[in-house]
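There are 4 protein chains.
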Amino acid sequence: MIIELVDHADHEDAEQLAALLRSRGGSPHIVRWPGRWLILETAQDIDETWLRQLPIVARVVGSTDPHPLSGRKFQSVSTMIEVAGRWIGDGTFLVIAGPCAVESREQLAATAAVVTSAKASMLRGGAFKPRTSPYSFQGLGVRGLELLAEERLRSGLPVVTEAIQPKDVETVAEYADVVQVGARNMQNYALLGEVGRCGRPVLLKRGLAATIQEWLLAAEYVMNAGNPQVMLCERGIRTFETASRFTLDLAAVPIVKRLSHLPIIVDPSHSAGRAFMVPSLTLAAAAAGADGVIVDVHNDPASALCDADQALSSEEFKSTMVDLERVLAVLGRHVA
Amino acid sequence: MIIELVDHADHEDAEQLAALLRSRGGSPHIVRWPGRWLILETAQDIDETWLRQLPIVARVVGSTDPHPLSGRKFQSVSTMIEVAGRWIGDGTFLVIAGPCAVESREQLAATAAVVTSAKASMLRGGAFKPRTSPYSFQGLGVRGLELLAEERLRSGLPVVTEAIQPKDVETVAEYADVVQVGARNMQNYALLGEVGRCGRPVLLKRGLAATIQEWLLAAEYVMNAGNPQVMLCERGIRTFETASRFTLDLAAVPIVKRLSHLPIIVDPSHSAGRAFMVPSLTLAAAAAGADGVIVDVHNDPASALCDADQALSSEEFKSTMVDLERVLAVLGRHVA
Amino acid sequence: MIIELVDHADHEDAEQLAALLRSRGGSPHIVRWPGRWLILETAQDIDETWLRQLPIVARVVGSTDPHPLSGRKFQSVSTMIEVAGRWIGDGTFLVIAGPCAVESREQLAATAAVVTSAKASMLRGGAFKPRTSPYSFQGLGVRGLELLAEERLRSGLPVVTEAIQPKDVETVAEYADVVQVGARNMQNYALLGEVGRCGRPVLLKRGLAATIQEWLLAAEYVMNAGNPQVMLCERGIRTFETASRFTLDLAAVPIVKRLSHLPIIVDPSHSAGRAFMVPSLTLAAAAAGADGVIVDVHNDPASALCDADQALSSEEFKSTMVDLERVLAVLGRHVA
Amino acid sequence: MIIELVDHADHEDAEQLAALLRSRGGSPHIVRWPGRWLILETAQDIDETWLRQLPIVARVVGSTDPHPLSGRKFQSVSTMIEVAGRWIGDGTFLVIAGPCAVESREQLAATAAVVTSAKASMLRGGAFKPRTSPYSFQGLGVRGLELLAEERLRSGLPVVTEAIQPKDVETVAEYADVVQVGARNMQNYALLGEVGRCGRPVLLKRGLAATIQEWLLAAEYVMNAGNPQVMLCERGIRTFETASRFTLDLAAVPIVKRLSHLPIIVDPSHSAGRAFMVPSLTLAAAAAGADGVIVDVHNDPASALCDADQALSSEEFKSTMVDLERVLAVLGRHVA
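Chains as they are written, first to last, in UniProt numbering: chain A, 1 to 336; chain B, 1 to 336; chain C, 1 to 336; chain D, 1 to 336.
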């Protein structure tokens with residue numbers, strides 16, 4: 001169950017109630033939620049009637065979700081997240097676009113121009129790149145963050161970029177509007193804890209062998225650390241099929257919507273691995289009810305240092321955006 | 001390569017050319033194609049210039065596709081298939097709907113009424129049911145076929161139903177407009193050969209562990225036996241995720257469109273396994289560019305004898321059709 | 001539950017009891033078991049006490065296994081199967097070896113000589129080959145069966161070969177000592193029914209996306225048709241890993257042993273897809289407690305018409321057999 | 001290629017050669033290898049003859065392995081690793097046993113007594129536990145490390161335990177003989193870099209969706225940071241089969257042996273998820289040629305705080321060890 005304390009309760013109050021619960025056989029976890037304190041209690045036999053009578057308690061939610069904070073029992077309305085004036089999760093559709101990796105000021109500027117002109121919502125670009133081989137290009141690091149910040153200033157586009165280790169989170173959060181956790185790090189719990197304390201919205205990619213429940217539990221690590229601003233990102237799971245790089249699991253969209261109040265974004269580029277599938281999968285994500293997409297776009301795909309095969313060119317992206325707007329329109333939505 | 005003989009060539013001509021090819025080290029396969037004879041030659045070192053000069057040869061196509069007949073090299077334009085006056089694959093969108101299994105005249109009539117009133121294209125219903133357990137309901141058999149034929153007459157809806165063994169194909173083809181090959185039978189080569197000779201369009205479901213290439217090779221078995229009217233049906237692949245019954249692979253839509261000229265239909269019901277995901281996945285299939293969907297609809301889902309969890313109710317189906325028509329409209333398409 | 005009738009009961013008795021059960025709300029299935037009649041009843045609310053009092057009933061087994069005939073509830077002791085004087089499943093270890101496909105009398109004789117000299121138990125060889133592509137070598141068909149029968153006579157080795165469609169089963173059963181059902185056909189129910197009536201032991205390969213439960217249910221189709229002589233064969237499942245052709249699931253050995261009384265054979269060759277892994281996996285299968293292995297051996301692997309990469313050479317096979325005998329010996333077993 | 005510098009070369013020499021390579025279009029990576037400096041050069045067009053003539057160069061190895069340091073081209077003989085006087089990888093067989101998580105001094109002592117009396121090689125026990133849910137028991141942390149160190153002193157057993165974030169590595173390395181990287185962290189590159197600098201042997205578990213090549217590349221991250229003492233640990237991959245927790249991929253043993261000189265250990269407990277399969281899979285691992293196993297053993301499995309279902313009891317473990325020694329003996333090996 002989730003015990004929500006009254007507004008004026010402080011940390012000490014939470015500690016006292018937790019102690020009381022422990023004395024009655026409970027296993028309480030204290031969570032610093034924006035504007036109030038929560039106590040999660042997994043023991044089944046705590047008396048709810050007793051709890052509700054305590055003056056310090058505002059609400060008791062009897063959730064048996066394995067992921068109580070991200071579950072619909074705790075919060076029935078869908079979460080809306082604000083990023084630099086754009087609202088995500090309220091029926092608008094977020095289009096995050098940009099290069100897989102930040103390579104240079106020129107590349108970023110040229111790609112951002114495409115993103116702006118296509119009226120997409122945000123700019124993506126990796127500064128720290130988790131790469132399968134230690135001998136592959138690892139990203140520009142802090143220099144990449146600086147270039148992103150520059151481009152944000154110039155173009156006005158909010159920026160999403162990835163943090164790949166706990167000690168980078170603070171720096172990434174300074175430069176970025178949204179901090180991304182990559183698929184390989186979905187169960188990097190130290191990293192999840194850090195982004196849970198970073199004060200920025202988080203884009204949490206699904207691990208390539210993660211069930212939807214494990215993914216929601218990863219979101220729970222972020223939320224449990226005090227950050228309710230989690231966007232889930234479906235980016236394909238690993239299967240036997242090799243014609244695409246991963247298998248995009250669009251059923252995750254209605255499933256997540258049913259189980260959780262968190263918004264869900266789809267990454268057609270990394271799942272497909274080849275650009276020709278990306279327009280189809282982008283439209284499919286919108287039609288399936290996702291809250292947005294994150295798409296690899298490059299001013300010159302053939303020369304990209306990372307995942308060149310999957311980046312849309314300027315023309316491909318613009319044409320996809322036109323179709324996307326039309327599909328969204330008949331579903332009563334529009335690009336954020 | 002594919003060697004197309006001139007219109008007036010007959011089987012004997014094909015045999016003679018095949019013998020000639022063998023004498024030059026070839027491995028020719030003769031295919032009876034509608035209106036002409038084809039010879040498939042997999043040997044690499046046959047002289048094309050020589051072949052083209054033969055008076056009996058109309059065309060030589062240098063395909064190196066592992067699946068030459070279903071490949072875009074042999075036929076660049078998309079295949080269109082006519083079913084009882086409806087054309088599939090020409091930009092219209094096929095909606096096949098009906099119960100998983102035919103249970104009774106009443107059930108079929110009630111469900112067909114829903115299908116008709118929602119303006120779907122065709123009626124589905126299993127008479128022969130392949131079931132994981134020998135102790136599950138196995139379908140009504142020929143009695144089910146008779147009920148389908150009756151309902152076709154009454155409602156005017158063309159009918160799709162499954163054949164599960166070679167010896168049933170002829171009977172099924174008598175009653176049905178389209179003969180379905182189920183996922184479990186995708187590599188049942190004797191069955192593929194029979195449906196290749198049955199004279200009816202074939203709906204070929206993807207095997208649950210089949211790669212897209214293996215699926216196209218299964219289509220090749222049907223085509224190779226003389227039947228070019230194959231509709232591919234993506235129905236989800238088996239993965240580790242258990243929140244849905246199978247994982248619908250919508251990337252298969254653009255991939256199949258690129259590799260093959262055959263139409264591709266999507267089955268959101270069997271992939272999802274639960275009805276709540278079906279509307280989302282239906283719209284996603286349309287947006288991804290599929291040529292149609294096949295959807296489980298039941299007049300009373302709770303009482304269905306087979307796959308009850310995944311059938312849409314009448315209301316759910318009608319509401320899905322409304323959204324579907326609107327998405328199709330902005331993509332310049334409409335339900336067949 | 002499984003109702004075993006007394007020895008002198010006949011089909012009519014079984015029919016009468018089935019009718020009685022139906023009148024009480026049951027769903028009885030009559031099974032012709034060697035030496036007696038069985039009735040499987042899946043309804044939960046039939047009164048066992050009443051049944052046990054009927055003079056025609058010898059035994060009532062309250063199994064709730066989804067696969068009652070292959071389950072340990074019905075038969076606690078492990079099934080032993082006799083093939084040409086060799087017993088399988090009693091602690092001996094079966095080694096079936098031979099070429100993937102029968103190619104010629106010479107190839108078969110040369111490979112059989114290797115099999116004999118290595119003291120393996122049986123000869124394998126495909127006459128009907130299920131191939132992914134219609135343009136691949138499809139086996140020699142009946143001519144291949146004749147060559148196998150000839151070689152059996154000459155070498156004294158019992159023979160295992162595959163049936164790929166229902167109408168071939170009778171012919172295959174005439175020539176072979178054991179009828180194989182391939183992985184692609186594990187859910188080809190018409191074929192399972194035929195081999196269930198063929199009077200020969202059956203080697204039932206696991207489908208490449210089949211769960212262990214689905215595999216036992218496939219065995220149940222064979223047994224349900226009257227044939228208790230089923231050997232299960234684990235041959236690898238399809239996963240994301242491509243370094244081996246399939247992923248051999250050796251945990252299936254203890255799992256099957258726990259759930260079922262049927263013997264389990266392991267196919268290291270088809271799972272690995274490359275010969276260098278086969279010796280390791282053969283020893284592992286023996287150590288894991290399997291009842292045997294089926295191994296691709298070819299007198300000249302480089303020239304094999306089918307699956308050349310995975311066949312052991314004569315020397316490799318003999319050396320593997322030496323190690324195998326030593327591992328079996330310390331586990332109190334030996335090659336059959 | 002890998003350029004090995006002469007013994008007396010120092011970091012400055014390596015830097016100078018790297019600069020020279022860069023000036024010729026190369027992309028050198030400097031690696032501090034025990035006793036010498038290495039330079040990895042991935043550019044294809046560097047002149048080897050020129051390199052070999054440089055007095056600072058001792059050896060040039062023309063590996064094109066994606067994982068050059070862990071590949072057999074660079075080092076053809078198998079790596080041997082010393083842990084507290086026991087050698088791993090030289091034909092002996094390592095048995096690491098102990099509880100999934102350290103729970104208390106008493107539990108650890110009781111389990112260590114079982115490990116000692118069964119003559120296993122090392123003690124395992126998790127102090128930092130990566131858990132899918134933030135609400136599950138997370139391990140005792142540093143207190144768990146202290147208990148392990150105490151028990152090591154008392155029992156003389158070397159200790160393996162896991163580090164789950166970069167900042168813990170130094171502490172874990174102080175207490176443990178071998179530092180484990182768990183499956184979830186196989187691509188946690190910051191963690192891999194830290195364990196690459198920790199001076200202790202590393203047990204690197206395969207990620208649950210990692211290909212063998214990705215796993216070797218993860219090892220490469222550790223080695224590239226200067227630590228050649230990597231033991232790979234196969235612990236099952238995620239597949240559709242749910243009868244076991246994961247699917248143990250024993251083919252990984254011969255494949256790793258062929259591609260790499262690193263030792264490979266097998267974890268039957270985490271792959272199976274249930275104790276009854278563990279004895280079979282332990283023997284299978286030994287027969288397949290693995291260099292060891294890591295097994296969950298608990299003095300009282302029913303009360304275990306973590307993964308209770310998979311722990312062997314004292315009796316089960318001892319009896320498995322007896323069988324294991326016998327299988328190893330006939331293969332010319334014995335427990336380390």
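Honestly, the hints are just simulated from the structure, not real lab data. The structure displayed is predicted, hence computed values, not measured ones. All residues carry an ideal CB built from backbone N, CA and C; glycine is no exception. One or more of the hints may lead you astray.
Unchecked claim - One-sided excerpt, in silico: chain D residues whose CB lies under 8 Å from chain C:
# : residue
1 : A113
2 : V114
3 : A209
4 : I212
5 : I255
6 : M277
7 : V322
So, going through the hints one by one against the coordinates:
| no. | hint | verdict |
| --- | --- | --- |
| 1 | A113 | violated (27 Å) |
| 2 | V114 | violated (22 Å) |
| 3 | A209 | holds (6 Å) |
| 4 | I212 | holds (5 Å) |
| 5 | I255 | holds (5 Å) |
| 6 | M277 | holds (4 Å) |
| 7 | V322 | violated (11 Å) |
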